[in-house]
Amino acid sequence: MNPKILLLVFFICFLLPPELSFNLGSMRLSPYRIVLILFFFKLINEVLFSSNKSKLESAVDFLILFHCSWSIASLMINEGVGKGIESGGIFFVETLGSYLLARYTIKNLKDFEYFIKIAMISCLFIFPFAFYEMVTGTHVIRESAALLTGGYFFNNIEPRMGLTRAYANFEHPILLGVFGSTLFLFFYFSKSINSKYIIPGIALFLTFSSLSSGGILAIVIQGFLLIWHKVFNTLKIDSKWKKLIVLIAFGYLLLSFVSQSPLKLILSRITFSQQTAYFRTLIFEFGSAEVVRNPIFGIGFSDWIRPLWMPPSVDNFWLLTAMRFGLPSLLSIVAAIFIVSSQVLKNQCHKFSLLYFIVLCSLIFAGCTVHFWNQLLIYFYFFLGIGISFFTKERTELNEKL
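Plus 631 on top of the position in the sequence shown (first one is 1) and you've got the working numbering.
Note that these hints are calculated values from the structure, not bench results.
One thing to keep in mind: the hints can contain errors.
[To be verified] Derived lysine-lysine pairs resembling DSSO-like cross-links, with alpha carbons at most 30 Å apart: (1) K871 with K977; (2) K867 with K684; (3) K977 with K874; (4) K748 with K738; (5) K738 with K982; (6) K635 with K686.
Go ahead and model the full structure; you've got the sequences and the hints to work with.
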C-alpha cells in the first residue's frame, strides 16, 4: 500500500471511538489495532531490515525493539507464558507497530506536512462535537457509536468549572487534551494551513475542552520553551538548552530548601485540585517503592502495594512503565527519546525540527501527570517515530529557521 494511503487509513482508524472495537476470543480488536496487525510484518521488513539507515536510526530502532521485547518478557514472568504472550504480544504490535508505521510513512518534511494536513482535517471534524459536549453534556460520537454497536456509553466523570469534559472520539477527556496539545504549534507555523488563528485555535480549544491539567500543562510548557528559544536567539546566547537544564536543576534544589516535598509543591501548582495533587504525590511515593522492590521485570499487571483507600490508577506514564515492565524497559525508551531529541536539535534543517523538539518535551512532561493508554499510547510511539524523519538520510533540506 502507498505510504500516504496507509497513513490516512491508520489515522481514520485511530480516530474511531472505542465502541467500534470488538472481541475475538479474549482479544479486543480496535480499528487501529487491526491496521497495525495487518501491516506489522511489512513494516518490520521495510524499516527494521532496511539497508538505507544511519547508525543512529538503527540505534533508536534497536532501543524501541528492546523496550517492547522486554515488556513481553516481563509479562511472561509475572503473568505466565500464555497471558504474557497474549497481552505482551498486543502491546508489542501496538507500540512497535505504531513507531514503525511513522518511520515508514513519514520520511521527510513533505511527508510531515501531509501528516499535518490529515491532523488538521481530523481536528476540524472533532471540533463541533467537542464544543457541543462541553455545552450540553451530550457525548454525540461516543453515544452514537454505542447505539450503533448495541453497547452503552456511561460518563462517570464530573464536570469542572460548570462545563462538561469533552471526550469527542477518545476513551477519556485526558486523551483528547494531550492529543490536541501536540498539534497547536504545528498548525500555527505550517505553510500548508492558511489560517494562522482559526485552525491553531481549534487545536487549542480541543486541549482545553478536556479540562485536564495534562494537556494544558503541555501547552504552557510549549509556550515557555518557545519564548526561551526566541529570547536566547535574539540575545545571541549559545547553549540555551544546556542552560535551561541547569536552571531547572537549580530551581528544584532551591525548592528542596523551602519545602519538605518539592514534588508535592510542584504538583499542587499544576493540578486543578489539591486532592489530585495529594494523590499524585502518594502515587509517586508508593509507585517508586514498588519499582525499588521489583527493578528488573516489574510487577506486570499485578496490583501494587498502597493504602487500601487509594485507587489503583497510576497517573504517570513513566512511573507505570517502570512498575509494570521494570527499569530496563523504562531506560531503553528514555534512551531512545534522548537520541531522537538530541539529533533533532543537532540537525535543525527546518523550523519544524525545533517545534517537534518543543512538543516532544511537553509530551514528556504531560506523561508525568497522566498515563498514556489506548489511542494516546499508540499516538505517543507514532509521534516518537516521526522524530526520525528530521535526521534521516531522506529528509528534505529546507533551511527555514524559526
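Margin query: Can you confirm whether the C-alpha distance between K635 and K686 stays at or below 30 Å?
Written below: holds (26 Å)
Item checked: Hinted pair K738 and K982, Cα distance within 30 Å -> Holds - the C-alpha atoms of K982 and K738 are around 16 Å apart, at most 30 Å.
Notebook entry, point to check: Does K977 pair with K874 here, judged by a C-alpha cut-off of 30 Å?
Noted result: Holds, at about 16 Å.
Check: Is K748 close enough to K738, meaning Cα to Cα at most 30 Å?
Finding: Since the Cα atoms of K748 and K738 sit roughly 16 Å apart, the hinted pair holds (cutoff 30 Å).
Notebook entry, point to check: Does the structure keep K871 and K977 at a Cα separation of 30 Å or less?
Noted result: Within the cut-off at roughly 13 Å; holds.
Check: Are the Cα atoms of K867 and K684 separated by 30 Å or less?
Finding: Measuring from Cα to Cα gives roughly 35 Å; hence the hint is violated.
Hint compliance for this structure: hint 2 is the single one not met.
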